[in-house]
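Protein chains: 2
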Amino acid sequence: MVICAERVTKKAKNILFIMFDQLRWDYLSCYGHPHLHTPNIDRLATMGVRFDRAHIQSPICGSSRMSTYTGRYVHSHGASWNGIPLKVGEVTMGDHLRQAGMGCWLVGKTHMRADADGMARLGLEPDSLIGARVAECGFDVFERDDGMLPEGPDGSYDPDGAREYNNYLRAKGYESDNPWHDFANSGLDADGNVLSGWFLKNSPEPANIAEEDSETPYLTTRAMEFIAGQDGPWCCHLSYIKPHWPYIVPEPYASMFGPEHVLPVVRSDAERQEAHPIFKAFMDTKVGETFSRQDVREAVIPAYMGLIKQADDQMGRLFRWLEDTGRMDETMIVLTSDHGDFLGDHWMGEKTFFHDSSIKVPLIIYDPSTEADATRGTVSDALVESIDLAPTFVEVAGGTPAYHMLEGESLLPILHGQATETRRGHVICEYDFSATPVAHLHDIGVRDAVMFMVADKRWKLIHFEGGHRPMLFDRESDPQELVDLGGSAEHETVIAEMYDKLFAWTRRQSQRTTRSEEQLIEMRTKTRRRGVVIGVYDENDTPLELTTRYRGRRAPDMKNGPRA
Amino acid sequence: MVICAERVTKKAKNILFIMFDQLRWDYLSCYGHPHLHTPNIDRLATMGVRFDRAHIQSPICGSSRMSTYTGRYVHSHGASWNGIPLKVGEVTMGDHLRQAGMGCWLVGKTHMRADADGMARLGLEPDSLIGARVAECGFDVFERDDGMLPEGPDGSYDPDGAREYNNYLRAKGYESDNPWHDFANSGLDADGNVLSGWFLKNSPEPANIAEEDSETPYLTTRAMEFIAGQDGPWCCHLSYIKPHWPYIVPEPYASMFGPEHVLPVVRSDAERQEAHPIFKAFMDTKVGETFSRQDVREAVIPAYMGLIKQADDQMGRLFRWLEDTGRMDETMIVLTSDHGDFLGDHWMGEKTFFHDSSIKVPLIIYDPSTEADATRGTVSDALVESIDLAPTFVEVAGGTPAYHMLEGESLLPILHGQATETRRGHVICEYDFSATPVAHLHDIGVRDAVMFMVADKRWKLIHFEGGHRPMLFDRESDPQELVDLGGSAEHETVIAEMYDKLFAWTRRQSQRTTRSEEQLIEMRTKTRRRGVVIGVYDENDTPLELTTRYRGRRAPDMKNGPRA
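Taken in sequence, the protein lines are chains A and B. Sequential numbering of the first sequence, starting at 119, is according to my numbering. Sequential numbering of the second sequence, starting at 119, is according to my numbering.
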């Protein structure tokens, strides 16, 4: 009797696509944070590949996500700011995956704004299957939770925000017309007054909610409920709201970090004094000025860290559950963020500019496939963009990425040790601030309130519409990006070279999406064989078979018409 | 008794949008042709404005038309060659006009290829009202006639081509399986053999058809039938097939012109010997070589002129009918072409390059409105693009052009004597030859087989993807475009300036089509009033009314959860 020792070949069958919101790339211990220990995420990195140069396509939630979900640059899909709808007709990750036989589901946030006008124009009903997918950026919705229910004098920015979550909280006894605000995102003083998390001074307060009922555990539970009910190949976009503001976290995370854990601010006086006028306009915003205060940083950053620590614990819970239920061996896990957070660095708050604090994100991909064994625990310094995820997922689903629509490139060659770099050699990021208060304050027209970033491993160039000089950073000698070389005569050549890259990118055929490369090549020789023969003087000018239908035909004389 | 002399104010109510196919800008007597007298078109010019610098967006039928019909550059809509479908979701002239209360109908050719995949993805049925419009580039179809039924060994390039017209011919007694070919587009020898118009040697033959049954009179009749049945405001796109090849015309037009009327060819030996490699690749095509022969020019050009003469006579018939039926005073008439024809100039046939022979078109606009009285009979040398027509038509229809979608600009200010120039200062033309035999022959990749032209009144720059030097023409000192200055060191500054214009154009936000400029500006101040307050440390950091909902709230202590 011969016993065959057969090697078990593993293969990713499903995809768990985890996105955090506003998680800075360097606020995880595997990315080097000295105080914020994230052992569960770090462990995922040891099981897969940790990307050290992962860039998003726009430093704002909605536009970054629309790029991730379509696999296309902002300049290509046009949803260039929060609240600018993704136009009907754009093809999404969900469309591509379903075509490859994989479901694509949402648990959490997308920041999608439906193109209601476009849908009406095409007669797409929001409650039809197709209409619902178009309205939800291609996802089938298990639960949509964009993570906030803000309320102001003119109503709510997102009246449907946190709807299911609010129902959950109310059902659990959190009595309020907006428990998302009053419990999950606020503290409480000794007199029973709600200390709103919208006010940064309240960030050090513990959120007035049982930890297991707060947003991150809630969405983790919802993802497990979704996954438990699935059979066939699925992609689950588990899209967390946190550590995005309001910056407030329940105990025990509220007390875990204090001012002593706040890293020194990264900025210089020269940077502020000599700032490029558009950069200065952003520094001068309320949020820039507020986060430039050390008391604010000391109030906010410990809460931000607590939110991340909580996220890491939830990752531990989720990964253990996947292991316990036998799913770890058949599920690719992708963990990333939609953008970072300045947190006071560079005299800035929020994310709406192009420093690494904002436009680099953590990206860890664990691929259970045997082919990925060679790269487990490695770090890739390839120049990666968030648009690379969609084609990667299509390949995992067994499909062929439609590169005439998808502008990223599959990361599987890197994950499988067949490549160490992406092919493009640079990354692009864009920011359209035409709909922002900054443009209002400085009276900048909607065509001029636009910026582009192009970066390779050495240089980062920022171009501004409206006639300004560019900004330039040397990413090697100045990794903290404190010295803007955009006006330096010595760097004219570098600036010109980076502009050449940007120009080549802007010329790409991003809208030629209805014919694939293969189809275009096939068309090259097809037309003549379908009867169109041009520049042919007589029958000997072209292979005879092409004109069979034009020769040897007979007809009556009809020059004077049928009555002749 | 006082008699009030009341001035009658006229206003354009309808639009007759006439397009010829492959009609060179300078083959009309009002544009200076010395032998080809076109009194009816010339008369329209005396009644309106003749544009002397009208440019199309791409020197190929389909792409040029998709730009005209969407009001958007090829780079924006992506239908960059014949047979590359216009992607579902693109908004058309018809959509804009219907929104303004004007119908938009087709009588003739569009070269539209429907995005069948995109329609299926969105569940749009081609036989539904919306689906049919999407499939027909936004037009309601009175008659679609793309003007040919070619036949080759692999079937037909357009199996539906000339369908209604073939039915008409058969009903009139033209017996054949393809009367379009055998009668309308072929001659006949004395022995009853069909002399196919596909062979240029047969161009001098009279087409074997009664003149009134040939394509141009047929479509004119169809347009009159359409117009006669209309009440409300309508735009009728009367889109002729001719003088596009097959170059053949019935009597009396077949005998009107001879080799003595063929203008001297415009070319130089140096032009051919020192040709830019991509330009040379086009010269070296079969059609380039064929049209470089004087015998071919002498065979083809008289037929081409005959087709135009016939077109002019049909214009006379049509305009008289409009006058006789009282419609002339309420109908804007626009007459143009989709591109020109090299006809052997520059060692080229066909149109697929950027010389004026190809990318300039006649454009005459007669506006019956009283406001246009000031400009009747004038010539405008404004830099006009074919994408300017859609916004012009929207204004005529009483609407406001949606300039976040439409990339042209209304010509009404010029027509009404309020402006003499368009605002942009340059024109753009594009050619994607990735699906052509030239790319096949020279093994050029689909991303490299793309060219862009940017021109102002003085300079014309042509950029080629794939690493080639540009071409440059001085339109003032070298109006025949015989001297390519693209490699001239003396012109480096000019080349750089033209490249700057092209670069600025490529960076435009062409896909930000779901929010208007007004909406973007409104958004600038809206978000904070809907509850999103960021960078606010305490309640004194922001107007109190913005945080009313976040202050003065009370809650029970829930930190330990509902059971506490």
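Simulated from the structure, these hints should not be mistaken for lab results. Note that the structure is a prediction, hence the values are computed from the model and not measured. Among these hints, one or two may not hold up.
Because identical chains cannot be distinguished in the list, a pair is counted as satisfied if it fits within a single copy or across any two copies.
Unchecked claim - Below, a list of computed lysine-lysine pairs in the DSS-like style, where the Cα atoms sit at most 27 Å apart: (1) Lys131 / Lys404; (2) Lys131 / Lys575; (3) Lys619 / Lys319; (4) Lys644 / Lys319; (5) Lys644 / Lys131; (6) Lys290 / Lys677; (7) Lys427 / Lys290; (8) Lys398 / Lys319; (9) Lys619 / Lys129.
**OP:** Mind listing which of the numbered hints don't hold for this structure, in increasing order?
**Re:** 1, 2, 3, 5, 9
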